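All chains, please: the whole structure from these sequences, using the hints.
Numbering follows the working numbering, with no gaps: position 16 of the sequence shown is 65.
The set of hints was computed from the structure by calculation and includes no laboratory data.
Treat the hints with care, as some may be off.
Label pairs and their calculated CB-CB ranges [stated by the list, open to error]:
1) Ser-84 / Ser-110: 31 to 37 Å
2) Lys-54 / Arg-88: 22 to 28 Å
3) Asp-106 / Leu-77: 20 to 26 Å
4) Ser-104 / Ser-60: 24 to 30 Å
5) Ser-84 / Glu-128: 15 to 21 Å
6) Ala-69 / Glu-128: 16 to 22 Å
7) Gly-86 / Leu-113: 34 to 40 Å
8) Leu-132 / Glu-111: 21 to 27 Å
9) Gln-58 / Arg-88: 35 to 41 Å
Straight line, CA to CA, 20 Å or less: simulated SDA-like cross-link-like pairs of lysine to any residue [to be verified]:
10) Lys-54 / Ala-115
11) Lys-54 / Gln-65
12) Lys-54 / Leu-132
13) Lys-54 / Arg-114
14) Lys-54 / Gln-122
15) Lys-54 / Leu-120
As the structure is a prediction and not an experimental result, all values here were calculated from the model.
We treat Cβ as the ideally placed atom computed from N, Cα and C, and that holds for glycine.
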Amino acid sequence: MDGSKTITQMSVRERQDILAAVAEALELSAEEALSEGNRGFAVNSQSLALTIRGSADTLASEDLRAAEILLQQAMTLIEGFRLRYMERPQTPTLQ
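Encoded structure:
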């Protein structure tokens with residue numbers, strides 16, 4: 050095994066840790082989005098982070114399918130922001 054686990058293979062503690070890490074990543078992305086002027090993304094990221102944090106105990110111990118869906122949504126949201134705002138090519142300027 051290469052060290053990666055599915056959500057069902059993780060312990061409750063591991064699931065709690067991953068949910069907290071993803072919520073933190075969403076919050077950081079929300080801050081970055083605000084600095085880039087993207088209020089919509091910031092609000093969406095913050096809302097998803099709050100949903101994950103507020104439901105973490107249930108998601109980690111009982112509702113694994115919902116946890117999986119929320120984690121997928123979070124990763125898609127973060128990746129979309131990174132691709133759109135953080136990795137855009139620099140436009141050459143004439144000097």
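Self-check item: Those earlier numbered hints the structure runs against, lowest number first
Solution: Of the numbered hints given earlier, those the structure breaks are 2, 4, 8, 12, listed in rising order.
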